[in-house]
Amino acid sequence: MEAAHAHDDGHDHVPSGLMRYVTTTNHKDIGSMYLWFSFAMFLVGGVMALTIRAELFQPGLQLVRPEFFNTMTTLHGLIMVFGAIMPAFVGFANWQIPMMIGAPDMAFPRMNNWSFWLLPPAASLLVLSLFVPGGGPGAGWTLYAPLTVQQGMGMDLTIFAIHILGMSSIMGSINIVTTILNMRAPGMTLMKMPLFVWTWLITAYLLIAVMPVLAGAVTMTLTDRHFGTNFFNAAGGGDPVMFQHIFWFFGHPEVYIIAIPAFGVVSQILPAFSRKPLFGYASMVYATASIAILSFLVWAHHMYTVGMPVEAQLYYMFATMLIAVPTGVKVFNWVATMWKGSMTFETPMLFAIGFLFLFTLGGFTGLVLAVVPVDVQLHDTYYVVAHFHYVMVAGALYAAFGGVYFWLPKWIGKMYDERLGKIHFWLSIIFFNIAFFPQHFLGLAGMPRRIPDYSLQFADFNMVSTIGAFGFGMAQIFFLYILLKAIRSGEPAPAKPWDGADTLEWTHLPSPAPYHSFEDPPQIR
Amino acid sequence: MSSQTGGYYLPAPSYWPIVGSIGLWFMALGAVLMMNDGGKAAIATLSVGSIIIVYMMFGWFGTVIGESESGKYNSQVDISYRWAMSWFIFSEVMFFACFFGALFYMRVLSVPWLAEGDTQALLWPGFENTWPVAGPYFSEKFTPMGAWGIPALNTFLLLSSGVTVTWAHWALKKEKRAQLVWGLFATVVLGITFLGFQVYEYIHAYGDLNLTLKQGAYGATFYMLTGFHGFHVTIGTIMLIVILIRSMRGHFTAKNHFAFEGVSWYWHFVDVVWLGLFVVVYWM
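Sequence order for the protein chains is A and B. Numbers 1 to 525, taken from the working numbering, label the letters of the first sequence in order. Numbers 526 to 809, taken from the working numbering, label the letters of the second sequence in order.
Calculated directly from the structure, the hints in this document are not laboratory data. None of the values given here were measured: they were computed from a predicted structure.
Taking CB as the label site, the calculated pair distances span: (1) A:THR142 <-> B:MET809: 31 to 41 Å; (2) A:ASP453 <-> B:VAL804: 46 to 56 Å; (3) A:ARG275 <-> B:GLY752: 57 to 67 Å; (4) B:ILE770 <-> A:ASP502: 44 to 54 Å; (5) B:MET809 <-> A:VAL371: 37 to 47 Å; (6) B:ILE760 <-> A:ASP502: 38 to 48 Å; (7) B:ASN781 <-> A:THR189: 23 to 33 Å; (8) B:TRP695 <-> A:TYR286: 41 to 51 Å; (9) B:TRP695 <-> A:THR189: 34 to 44 Å; (10) A:SER16 <-> B:TRP695: 48 to 58 Å; (11) A:GLY134 <-> B:ILE760: 26 to 36 Å.
Even glycine gets a Cβ: it sits at the ideal position worked out from N, Cα and C.
With the sequences and hints as input, model every part of the structure.
Here it is in structure tokens:
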């Protein structure tokens, strides 16, 4: 049995070079691929964002045609959500969950490989859509009918890309849920799990619940386009607004799919640098679960202006505000964790605190938008753009940056340059606010989103915003330099470089973590 | 490490995932070309993709079956498979929920809205809120599919197949190999018969009833729901055939037969979806 023999000492026969990564079944290799892929997509989506901002530097049409501008807003959104932020946190999940719960690997290592290797084909289909007759999708990342029903074959490529991305997410999530439920070290009860693991358990549940719904929505778009169905056509008894309902039934939980793992990362970083245990661990778990459940019940707050009954608007308004309660619990706990802690401010901590301030601000503008009479004014304005970039960039992305700086010593066994890390943080946070804070004012003044041209009174704030956006983009090239410098010539990292870190990967494993960690599970007290 | 007694089985590096990704890429591209008049190139691309996927499924599932039969999976791996199959079925439930939701939305909301107030007066005078309906614009007549002919028979067939697969499972737990094989065989026959009737029903609908995919709200939801269900019955039947062949070759033991249980869970799930379809698509 040659095959059986090959399995017996499988890790001695790892193919070398590129093929090692193509065929790997190791959670650390796969985690690294997720993180690098995510960074590459972050740059691609970033170039698209800068194309948008460059066009908006001045009023009038300078650089791109309006159709191409629409394609840029659409692909920027899709690539950042599905290509950059989600894979980044799946990368964290892959690296960290097995180490944090004392498991030898993920529950299904081969399927784990496939979950990753579905991403490049899907991303290539998305990018390919730019080069086919009719151009890329231009309907916005929300893909509302009837625009999506009318566009060229780039939309078909987008639809199939979303199908493949959905498969990847569902398989990845099943793997994560199974790993957490079945692979914990003896003694690691659910309520002893690090909060990052809890947040991923809840996120994976959300993903399994809503990705199939998105698949159904785009499938209906596809059949409306090519097979003569009338799901989104009132002439056939359907309704374009139905697409919005189905999309946001996916889309609102999707917001939390992005945010909740970020909560998890921050909940690991803050206690480590405050040298105190996380305040209110149990309430954190319950708050996260409450946010997840509520996320299924508030989707129509994205659609106040489509013409819904006042009773429905009232319900969605109050249900949405209810989410502020568990979110408030979390913010309170994070602040209480730092209260009277012996805090130090290394780069991960800076990003976590930056997250705390700016994500909370983004949450508040979310509450503003939840109020129906206000939203009727602000719907589809730059206020909304500012709101969700505070949540997505200063929220999710900052948590991811913090997480990279936090765990990098464990991953590569070397320290990053602390001074450069701090510079990256300050550049990011200053330019981020220059880019996005003025957009609140633009929105309040009535500038609509997804428009390549605007009236003259918006010119100054747009110019400021564009300068901020380019600065923010440059800061991320600097981040790449910091990473490469750490990998090439970083100082060797101790097993536990952070005083207050107390999870298994710090206490039980050397730095860098060995290729196979926890072949024998540790005993948890 | 992977062979450690009592250890969790971790597979060696594998080429199957990347083969599957390449296959899916070709399939997606082929399908897009096909829908945009790509001609022969589209058919070629789609075929290449499909062949790669079939090859990948044979190879990957073959590997898993080989590992299972050589005793590499301990009880913890077995529990992993159980969790994974349960969550996969949950994702399928949500997929069907999406289309049931669309049907509900049209019947309860969008069709009545089109038939009331200003919408009716200004846009579609005379349009009435009835079901089945193709919508206000389509005046071509069609006959909806009745519940008490083939659909009722199909309900009986699928419910019976749920019984036979359970009968086979009892046999497996008591190591009665012949009853196991016959029970599975009966399940497969019932599944294929169901599919045959479904094909006949579609031909009848298109040919005699003028009930097509293009018949507005009713046509779209009817074919989308029954079509995706039929697709899932097809997958379920293929899975049943695989475990039938494995049973005939002596695979599975009374204690260790996750593949059998996974397939039977899936089959029961398909069964329950059909009951929902029968009630809300055909009957009500």
